[in-house]
Amino acid sequence: MPVLTYRDALREALREELIRDDRVFLMGEEVAQYNGAYKVSKGLLDEFGPMRIVDTPITELGFAGVGIGSAMVGLRPIIEFMTWNFALLAIDQVVNAAAKMLYMSGGQFPMPMVFRGPNGSALQLSAQHSQAWESWLAHIPGLKVVTPGTPADAKGLLKSAIRDDNPVVFLEGEMLYNTKGEVPQGDYTIPLGKADLKREGDACTIVAHGKMVLVALQVADALAKEGIAVDVVDLRTVRPIDIEAIATSVRKTNRAVVLEEGWEICGVGAQVVDFIQRECFDDLDSPVLRVHQEDVPMPYAKNLERAAKPDAPKAIAAVKKVMYLA
Amino acid sequence: MATKVVMEALSPTMEEGRLVKWLKNEGDAIKSGEVLAEVETDKAIMELVARGDGVLRKRLANEGDASPVGTILAVIAPAEENIDALIAEAGAAAPAAAAPAAPAESQGEASTPQQEASQPSEGGGAAVAAPPKPPPSASGGDQAGAAQTPPAPSPPSPAPAQPRSGGNGRQRTSPLARRLASDRGIELSLVRGSGPGGRIIKRDIESAVASAAARPKPAAAAAAPAKRIISREGDFQDVPLTQIRKTIARRLSESLGPIPTFYLTAEFDMVRASEMRAAFKELGEEFKVSFNDIVLKAVANALADHPEVNAHWMGDRIRHFNRVHVAMAVAVEEGLITPVIFDADRKSLPDISREARHLAELARNRKLTPEQYTGSTFSVSNLGMLDIEHFTAIINPPESAILAVGAVEDKPVVVDGTISVRQRMRVTMSCDHRVIDGATGARFLQALRRLIENPLLLVL
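If you read the protein sequences in the order shown, they are chains A and B.
So the first sequence is numbered by the working numbering: it starts at 1 and just counts up by one.
So the second sequence is numbered by the working numbering: it starts at 1 and just counts up by one.
Here chain A stands alone, though its shape is the one from the complex:
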């Protein structure tokens, strides 16, 4: 199986879907001539031309709305936000138009579109540009929210997202674009809403999504050296959440730590904890712990930034605490 970067896996998905269905087109800032701010769309303009790979001005609200209009008339737009931080300018279109169009039109207008772009913190981009938005978006009925953590998942999930008739918010880990992994060749899809057990163990369940999947796997490796084997449940999709996969694991391990990149309050982890307490109350041997970004805007200073982010040492401490080892 070829090893690809997360970026190239996404490009493969885009390219294959552009070939497969001529209603699909990509639109956003710098996606065409500049080959994409993060080079995800590199070469696509040459292959598909300016009608399918469309550069826009710096007008998030506008081109998100154009995308919604084109979906209403039967196209399948993919709207790239240069980062999800800029998508806040278009949030009214995403939340009020895309998410609710099918409902408010009495089923007349499906919304087969994807909003995608980098999400989450990077390195020293400070408070406005280092943010993980999934809990905001997952809050909205009508949206599906996808957060792939590996190249293989990125490709399979993006293809499913493009083929879905609902608006899908596709959050790519900004720090994941250069990560590598084995990616199956050719056409395959991964169903939205299905989690993946990335590592098996019996001592504790770590629930993670997006970039934190890699952190969870680091934690699993480190703990394995101490003889502690943990389950790593990769949510892959945070709306809908695969409750059964989480419950199956927690029923086995009796303990859970939820790891996420975003802030604590009303975070995805809060929702996961809620599901765990409802589904697995009698299986819990300790309170479920969460590891998340500190409750502050992301600091610029490198040392403070590192301290604010969730990381492997914090997650290891949490696992040990729920196992009563710390």
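Hints were generated in silico from the structure; no laboratory data involved.
These numbers come from a predicted model, not from an experiment.
Don't be surprised by glycine CBs; every beta carbon is placed ideally from N, CA and C.
Partial chain A-side listing against chain B, Cβ under 10 Å, derived:
#, residue
1, 280
2, 282
3, 284
4, 285
5, 286
6, 287
7, 324
Under the rule of at most 25 Å between Cα atoms (straight-line distance), these lysine-lysine pairs were calculated in the DSS-like manner:
#, chain 1, residue 1, chain 2, residue 2
8, A, 198, A, 320
9, B, 31, A, 320
10, A, 194, A, 100
11, B, 31, A, 225
Mind docking chain B on chain A? Use the hints.
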């Protein structure tokens, strides 16, 4: 990380314990689970085990001292750790010792407020009121990585910290441990919690199960006769009270005090039992059984067939047990204690004999653990060895009956129209009329008579 050694509640009713003997000296290396000291409870002399690894740095209690539950008795810590603050705290806490939860809470959690602020939050709550911690000790760092964490602002405490448990010391138990205890028939009040604040967690139940399994267990116990087993699904069934039963309970209680007791006396012929004893004795010392053993076994089998007697009065319902745990009253120097033969109906007569002797010896040496003297479903009291022909025993609530057993004596008896001398034994069952009616008790004694007068039935 320092661990406080506290006076633990080693029996369900213990409020204070006396430190009998230190088994470790200051400076000794200690591993979690090692026995540190012997503690005399209200019932027995028990072992106090370490809850953490390290060096026994400081013993704060002297042999002979009596201390309330929760008092800090010693500190285990790494050799280099500064424990002055802990010792100071122990000094401050010792006289009061009114809040046993507090010392236990910080067991193994000696983190500074700064570290606490950067700890992961529990259960989705925003910085859920961590109880105020003791002043920061110079404890070793927290887990990996925490040391890198900057001093994040301490989250404001949303409300004054509430005591974790009520004045009655409500036991904290993880949901899983609660379920496992229920599944495995473990009485939670007898389990010591090793989680934060004494929370009972899965491993505590597992070790309780293991120690129950480690009780003297005769090899033949596995080959239990199945025919008397009424139901093994769950350990008991609670029967809701009918109106008539409620009325009987209320009226009888009003007329005769807390337990409306009545007595049923019967005299059993013991000739065959005596012959069986002699036959067993010929087989060798390991098969030796006493009359009391025969009675215990017969009572157990009869109870298995009569769950209406193998019952507890629970106030608002009657609990019929599906398992038979027979307590035997043993006189000890200080009074009386009732060790329990668990699942006695499923054990062979020689096994019961061995177990009874072992338990009696432990009782006399005050070595019984709470698991060994609680959990009975019915009790037997025998004063036959003291030449008492007949007496009545007092019910041990919430049990609904107790059998008082007298001496086996030669008596003139009419057999087939002629007077002959037979070995006879009188038993008297004290019955709680709220649970057991006269006829119910009589039927039980009838069953008991059949077993004791035909003791071969006990070896089927």
